[in-house]
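Residue numbers (my numbering), protein chains in the order written: chain L, 5 to 164; chain C, 224 to 334.
Everything labelled a hint here was simulated from the structure, so no lab data went into it. These figures come from a predicted structure and were not determined experimentally. One or more hints might be untrue.
So, partial list: chain C residues that the calculated Cβ filter (under 10 Å) puts toward chain L [claimed, not checked]: (1) Ile232; (2) Asp234; (3) Arg238; (4) Asp256; (5) Val260; (6) Gly276; (7) Trp302; (8) Ser312; (9) Arg313; (10) Phe314; (11) Lys316; (12) Leu317.
C-beta atoms are modelled at their ideal positions from N, C-alpha and C, and glycine is treated no differently.
The residues making up each chain are set out below.
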Amino acid sequence: MKNKTKIIAEPGVQELFIHREFDAPRELVFKAFSDPELITQWLGPCDMTMRIDYFDSRTGGSYRFIHSNAHGDFAFNGTIHEVLEPQRVIRTFEFEGLPERGHVALETATFDELPGNRTKLIIQSVFRSVADRDGIINSGMEYGVNDSHNKLDELLATLV
Amino acid sequence: MRRDVFQAIADPTRRQIINLIAHQTLTPNGVADSFDVSRQAISKHIQILAECGIITIKQQGRERLCFVEPRKLDEVSDWLADFRKSWESRFDKLDELLIKMQTKTNDNKPK
Numbered sequence: 005m006k007n008k009t010k011i012i013a014e015p016g017v018q019e020l021f022i023h024r025e026f027d028a029p030r031e032l033v034f035k036a037f038s039d040p041e042l043i044t045q046w047l048g049p050c051d052m053t054m055r056i057d058y059f060d061s062r063t064g065g066s067y068r069f070i071h072s073n074a075h076g077d078f079a080f081n082g083t084i085h086e087v088l089e090p091q092r093v094i095r096t097f098e099f100e101g102l103p104e105r106g107h108v109a110l111e112t113a114t115f116d117e118l119p120g121n122r123t124k125l126i127i128q129s130v131f132r133s134v135a136d137r138d139g140i141i142n143s144g145m146e147y148g149v150n151d152s153h154n155k156l157d158e159l160l161a162t163l164v
Numbered sequence: 224m225r226r227d228v229f230q231a232i233a234d235p236t237r238r239q240i241i242n243l244i245a246h247q248t249l250t251p252n253g254v255a256d257s258f259d260v261s262r263q264a265i266s267k268h269i270q271i272l273a274e275c276g277i278i279t280i281k282q283q284g285r286e287r288l289c290f291v292e293p294r295k296l297d298e299v300s301d302w303l304a305d306f307r308k309s310w311e312s313r314f315d316k317l318d319e320l321l322i323k324m325q326t327k328t329n330d331n332k333p334k
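Given these sequences and hints, build the entire structure.
Structure representation (structure tokens):
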């Protein structure tokens, strides 16, 4: 059975949680989350290409990556506060495309071991304001819609 | 002042009011009777909920009754659903990657 992605975003608060389980040991999930070459293979939205400007995955390191499509480049950057292999990554996250800088979120990703060589990933993002958080969730709408259109296209292609 | 579905559900008392009248149609006073806060406070919450379009107040005979507008609440679940989908499609790709990584790890193990 497919693992479900759970989003918890209570109205009126500055944080959101993303929960997901994986059928893989946590060393591997952690690696896929921290190795730049591996990250590019999954973190980009369906309709975008992803390239890494720099990704220094260590305590005190920093990162910057760019999602691109026909509409342009969307860059994100952050500072890595802590890399505690294989259980936790704490880092900041900022979308550079906002009208003003400084709308930074603090992300904590925890990787918990589950029985049967499985892993539970929890990402907590804390934003500076409720509006910042709601803005990120709303930006997901466009991605989500595009992604589901692509999936529909794929499905239709198999039916021809 | 922002008046949308998110403003409506931002307050715990308003969430309780929505829950209450989702299960039974009540007058504003009937709603207030279920809470320990003043009628004025509940009346204000009901007014905000009405302005946000979550509930409608209809005159029926001599009474005013509160009804939930379920389609308005759907806006909330739809809002998160699209954000979830964007992460789902990423994690689906990560699943595939993890399968590849595991196959590779197994190949490298001494036989």
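Now for the hints, and whether the structure bears them out:
At about 5 Å, the closest approach between the beta carbon of Ile232 (chain C) and any beta carbon in chain L falls short of 10 Å, and the interface hint on this residue holds. A hinted interface residue such as Asp234 (chain C) counts as satisfied when its beta carbon comes closer than 10 Å to some beta carbon of chain L; here the least separation is about 7 Å, so the hint holds. With 10 Å as the threshold, the beta carbon of Arg238 (chain C) comes within range of chain L, its nearest partner Cβ sitting at about 8 Å, so the hint holds. Given hint, Asp256 (chain C) at the interface with chain L, is violated; its Cβ is 26 Å from that chain's nearest Cβ, farther than 10 Å.
Given the 10 Å rule on beta carbons, the hint for Val260 (chain C) is violated: about 18 Å separates it from the nearest Cβ of chain L. Of the supplied interface hints, the one on Gly276 (chain C) is violated, with its beta-carbon coming no nearer than about 15 Å to a beta-carbon of chain L, more than 10 Å. The criterion of a C-beta within 10 Å of any C-beta in chain L is met by Trp302 (chain C), whose closest approach is roughly 7 Å, and the hint holds. With a cut of 10 Å, the hint placing Ser312 (chain C) at the interface with chain L holds, because the nearest CB-to-CB distance is about 5 Å.
Hint status for Arg313 (chain C) relative to chain L: holds, with the closest Cβ pair at about 6 Å, below 10 Å. Nearest Cβ of chain L to the Cβ of Phe314 (chain C): about 5 Å, under the 10 Å cut. The hint holds. With its C-beta approaching chain L no nearer than about 4 Å, Lys316 (chain C) sits inside the 10 Å limit, and its interface hint holds. Taking 10 Å as the C-beta contact cut-off toward chain L, the hint placing Leu317 (chain C) at the interface holds, the least distance being around 4 Å.
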